[in-house]
Amino acid sequence: MKTKNLTLNVWRQRSKSDSGRFEKYVAKDVNEHMSFLEMLDVVNEELLEKGEEPIAFDHDCREGICGMCGLVINGYAHGPQERTTACQLHMRKVFELGWDELWIEPWRATSFPVIKDLAVDRSAFDRIMQAGGYISIRTGSPPDANEMPIGKHVADMAMDAAECIGCGACVAACPNASASLFTSAKVSHLGLLPQGQAEREDRVRKMVGQMDAEGFGSCTNHGECEKACPKGISIDWIARMNREFLKAMVTADNEVEERD
Amino acid sequence: MERALTLTKTTIGKKALMALSGVAMLGFVIGHLSGNLKVFAGAEDFNEYAVWLRTMPGLLWGTRIVLLGALAAHMASAFSLWSRNKSARKSRYTKKKDLATDYAAKTMYWSGPILFFYIVFHLVHLTFGGMIFGESAVFGIEGYEWDHSNPYNNMVLGFQHWAVVVPYVLGVVALGVHLFHGIWSAFQTVGLNHTKYNFLRRDLSIALAVFITAGFLSIPVAVLAGWIEPTTQTFFYPELEPS
Amino acid sequence: MANTELKSHEPTGPIEERWREHKAHQKLTAPHNRRKYKVIIVGSGLAGGAAAASMGEMGYDVHCFCFQDSPRRAHSIAAQGGINAAKNYPNDGDSVYRLFYDTVKGGDFRSRESNVYRLAELSVNIIDQAVAQGVPFAREYGGLLANRSFGGAQVSRTFYARGQTGQQLLLGAYSALSRQIEAGTVKMYPRHSMQDLIVHDGKARGIVTRNLLNGKVEAHVADVVLLCTGGYGNVFYLSTNAMGSNCTAIWQAHKRGAYMANPCYTQIHPTCIPRSGEYQSKLTLMSESLRNDGRVWVPRNKEDVTKDPGKIPEADRYYYLEEKYGSFGNLVPRDVASRNAKYVCDQGLGVGQEVDGERRAVYLDFKTAIERLGKDTIKERYGNLFEMYERITGDDPYETPMRIYPATHYTMGGLWVDYNLQSTIEGLFVGGEANFSDHGANRLGASALMQGLADGYFVLPFTIGDYLSPYQKTGVDLAKLELDDKPVTDAVKEVEARLEKLANAPDPKHSPDYFHRKLGNIIWQYCGMARTAEGLKTALQEIPKLREQFHREVKVTGTADGFNQTLVKAARVADFLELGELMCLDALHREESCGGHFREEHQTEDGEAKRDDENFQYAAAWEWQGVPSSAALHKEHLEFEYVKPTQRSYK
Chain A
1 MKTKNLTLNV WRQRSKSDSG RFEKYVAKDV NEHMSFLEML DVVNEELLEK GEEPIAFDHD
61 CREGICGMCG LVINGYAHGP QERTTACQLH MRKVFELGWD ELWIEPWRAT SFPVIKDLAV
121 DRSAFDRIMQ AGGYISIRTG SPPDANEMPI GKHVADMAMD AAECIGCGAC VAACPNASAS
181 LFTSAKVSHL GLLPQGQAER EDRVRKMVGQ MDAEGFGSCT NHGECEKACP KGISIDWIAR
241 MNREFLKAMV TADNEVEERD
Chain B
1001 MERALTLTKT TIGKKALMAL SGVAMLGFVI GHLSGNLKVF AGAEDFNEYA VWLRTMPGLL
1061 WGTRIVLLGA LAAHMASAFS LWSRNKSARK SRYTKKKDLA TDYAAKTMYW SGPILFFYIV
1121 FHLVHLTFGG MIFGESAVFG IEGYEWDHSN PYNNMVLGFQ HWAVVVPYVL GVVALGVHLF
1181 HGIWSAFQTV GLNHTKYNFL RRDLSIALAV FITAGFLSIP VAVLAGWIEP TTQTFFYPEL
1241 EPS
Chain C
2001 MANTELKSHE PTGPIEERWR EHKAHQKLTA PHNRRKYKVI IVGSGLAGGA AAASMGEMGY
2061 DVHCFCFQDS PRRAHSIAAQ GGINAAKNYP NDGDSVYRLF YDTVKGGDFR SRESNVYRLA
2121 ELSVNIIDQA VAQGVPFARE YGGLLANRSF GGAQVSRTFY ARGQTGQQLL LGAYSALSRQ
2181 IEAGTVKMYP RHSMQDLIVH DGKARGIVTR NLLNGKVEAH VADVVLLCTG GYGNVFYLST
2241 NAMGSNCTAI WQAHKRGAYM ANPCYTQIHP TCIPRSGEYQ SKLTLMSESL RNDGRVWVPR
2301 NKEDVTKDPG KIPEADRYYY LEEKYGSFGN LVPRDVASRN AKYVCDQGLG VGQEVDGERR
2361 AVYLDFKTAI ERLGKDTIKE RYGNLFEMYE RITGDDPYET PMRIYPATHY TMGGLWVDYN
2421 LQSTIEGLFV GGEANFSDHG ANRLGASALM QGLADGYFVL PFTIGDYLSP YQKTGVDLAK
2481 LELDDKPVTD AVKEVEARLE KLANAPDPKH SPDYFHRKLG NIIWQYCGMA RTAEGLKTAL
2541 QEIPKLREQF HREVKVTGTA DGFNQTLVKA ARVADFLELG ELMCLDALHR EESCGGHFRE
2601 EHQTEDGEAK RDDENFQYAA AWEWQGVPSS AALHKEHLEF EYVKPTQRSY K
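So the sequences go chain by chain: A, B and C. With this note's numbering as the guide, the letters of the first sequence map in order to residues 1 to 260. With this note's numbering as the guide, the letters of the second sequence map in order to residues 1001 to 1243. With this note's numbering as the guide, the letters of the third sequence map in order to residues 2001 to 2651.
The following block holds chain A by itself, in its conformation from the complex (with noise of 0.2 Å):
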């Protein structure tokens, strides 16, 4: 079993408005096992015994599903490994690239103002949800499961799209800190269920609308977004989204409000 020092350089911010720097320290004896995030753990209690306070980081899950985790390693959104959220990441992907320093940083993006340390707000995405992200259906008046038969290749997409955990890494890897990804994931995983039709053109354009009242970036189609996420949701997303906003915008029957 491997095991090996590691230098951090950790970013350390006391709340939304501290300015916020890197704080170095060595993480001792890691394991090559270690997830990346029991690393930090193991950081964590020795600054604790030492008397400081530990770094703060979001988690909850570790097995890459609630979305919750999300750092920045030297300079990846998630960690170098693809497809990979930062709780599943462990540290033989890290000896294997030889790196003996790490930089560990928070998504940066002014939509997702940091809390403390390696902690941000992520409710932009929930607002954006809460714009449009939903099927208005009633609890216990739908019809039966079966009755409207769906093609396995729609629903297939469908899937493909709906497997968004939402954690932000696409948002934390756009040259503009675009929710381009995250948005477009949802816009098509409903547009492309018959069930999801009839709100088709209020729902994108709310969506769309709260995405930029938040304040997020446009989208310039680097693809960063589609390599760091841990889900490999594709940009071809995006497109679909683009094409289903500007097409509601053009010919729509109403109007959407503009939101704030």
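Derived from the structure by calculation, the hints contain no laboratory data. Heads up, some of the hints might be wrong.
[What the hints assert, rightly or not] Derived DSSO-like pairs: lysine-lysine, alpha-carbon spacing no greater than 30 Å straight-line:
1) B/Lys1096 to A/Lys28
2) A/Lys4 to C/Lys2105
3) A/Lys231 to B/Lys1090
4) B/Lys1106 to A/Lys4
5) A/Lys231 to B/Lys1097
6) B/Lys1106 to A/Lys247
Could you slot chains B and C onto chain A? The hints should help.
Just chains B and C now, kept in the frame of chain A:
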């Protein structure tokens, strides 16, 4: 309802405006290139083409108005999105690795302005050349005199001098780089995508960018290599003379 | 009032009529009056999220709390396998009755028949609801929904969305919830952790929360409180639960008078990735489906445990499940598989990394399956699982056998509730994994999602409505209670004092995790897969000692009035340290083996769980009496009118 969502205020609307104005300018660039390549057909053909451009009713001003509008829209959107994108990330990463993007995409905000300044230079040189330099040496270059009735020589003589060639090459390369990302990006922005045909979008943007760059560069190369020479023939076209 | 018989308030009559009849006689509130009722819902997973969305839609004034940064991150999201529903789409003879029967039997005859029947009945509505919300379930080529069989069921009734069924169902509920937040019927409080229940005039009337962002302790007063806060599996420290999953809400409610039922019923999942070191923070589940093609073994000789498994000859491999359980072999139920893994490791035959001086893992070998079916078939079936395994362990399961070991996965115990899902405190309702209701002593695969959503969408909105209806207007029958009333301000002060004490222990030495790990070891060792009276007694001595040490030596840095993850952890561990003791007490009192509760003293000659229906056919509901050890036992006797108790055998 407070205010209705308006297309031009949205990021996607602005991007679409940028894409559409870009496509309009791309159309012009292709037309402009195919006209310029007439230089290989000789002075007479080239100069008569110039006369044709001047005399087609509405063509000159129609194009100018569309292009000015497109340029203004393109730049206004670019500037607005640029400032928005800058403020979307106020605190920068200390380390940041690029995984997908390319040189062209990252330098759009450089290739664009370079192109703009080149266009100004280009207009000063060839469109307003006669007005500005009169019959004296263009850009102070000895022996490079303006001849209203001989656009062929105005062009070819210019390409014998580095002061014209260097900005031209820079401008054309910037154009190529800008188009390499711009064309693909435009497809993405207006939502022209389909799983089956998506690969064509990248191929087409590479092909167009290379064709346009090579086409424009072929002229100074031909002049400097001596394949195209200034004409000693004299021309007189009243349509081209200042009124 | 010790040892009173608990009233389940279940309807009588033919079982298939009970829920319909019950609903038909519930009291209603006119739509325009519903807004006057304030409903607090804690938790935003399948049960809480679905209930909040449904009740908001009905017009109630709903306030929903979760400790995560978004309701979309509740741990329901991690469920992989699927959700059962008695749709009988595959035409293999399934029915509501059969699902009911399987669930009661699977629960080892320790659940309430009326509840289980209702669950089976509502299962079909869940699928309709989810599909209408846009949940992209797997489909056949013809466009209709696909089903698979799961957890040893003889019919295919499991609906699934790749390996992310929980995620998709939760996102469905979250989207419905988001719609209500936008509509203004639900106010969402993310990053809020419930710290106490406010009981006034005998009724649950509010909660005290800590805002995790700024540390502010606040009271919220309402007409009814619903807890959907999940299970307490993290009492084991290592489990497949999320890091934040905790028992604080149900435990504080318990301390305010809600009875805690069957806390010793915990489910251990046999196929998890084993520990690799002391630092291990959680365990990752590998889908049970792996056992369909993998063969479980350990070396026969202790000398071989460190050997490269590929070099151990066939004769020296102990395929213990195949040898002991001829007909089921590697496919024995979860508890049997788990227990046998423990036995072989206890004998020193465990393999893999040594952690704390022990090797606790067994091999799950795909070599035979790869030879028989080809690598491609195996890849098609388990490709993503193999990838995940490799990412975590660094081993390639196509080449070397996987190492697996059981881990805590689900807790069947929880707050006691009646048929209406109301606890022993009036006005306190409990849904999902947080209550004890539907799974008895053991939960079948693909039925946790089913219960959470059935409770949230289809049961609680009606039973809570029925509860609220008589109080035509706040203040008429419900005693008036305002934020500045003494019972409320006292509750806030109490929480503040409790947190202040945790933040300033007299002799701070160790992190909250240090104590949590120790507690986990005790519980895992003595109240895990196999329990003995002796072991449980040891645990009952050790836990109070550890608790006492914790309150003296827990070290929390930073302040209580800010974002402080250490303090949050400390508060959770404090509650686990109490709940763990009650769990052992319950396990000690239950002198039988049933489902997830296996007492070594009570087994058949074949080593099977031996129930004692004569003496223990009841739900054990514990009442708080100041300290965990003095909890008073109340019993709800369980009747089995339809599914007659039998002893199971997998030989």
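Cross-check of the supplied hints:
Annotation: proposed proximity of B/Lys1096 to A/Lys28 holds, straight-line Cα distance about 25 Å (limit 30 Å). Taking the CA atoms of A/Lys4 and C/Lys2105, the gap is about 52 Å. The hint is violated against a cut of 30 Å. The straight-line distance between the Cα atoms of A/Lys231 and B/Lys1090 is roughly 27 Å, inside the 30 Å bound, and the hint therefore holds. Taking the CA atoms of B/Lys1106 and A/Lys4, the gap is near 37 Å; set against the 30 Å cutoff, the hint is violated.
Straight-line distance between C-alpha atoms of A/Lys231 and B/Lys1097 comes to about 19 Å, which keeps the hinted pair within the 30 Å bound. Distance restraint check for B/Lys1106 and A/Lys247: the Cα-Cα separation of roughly 29 Å lies within the 30 Å cut-off, and the hinted pair is therefore satisfied.
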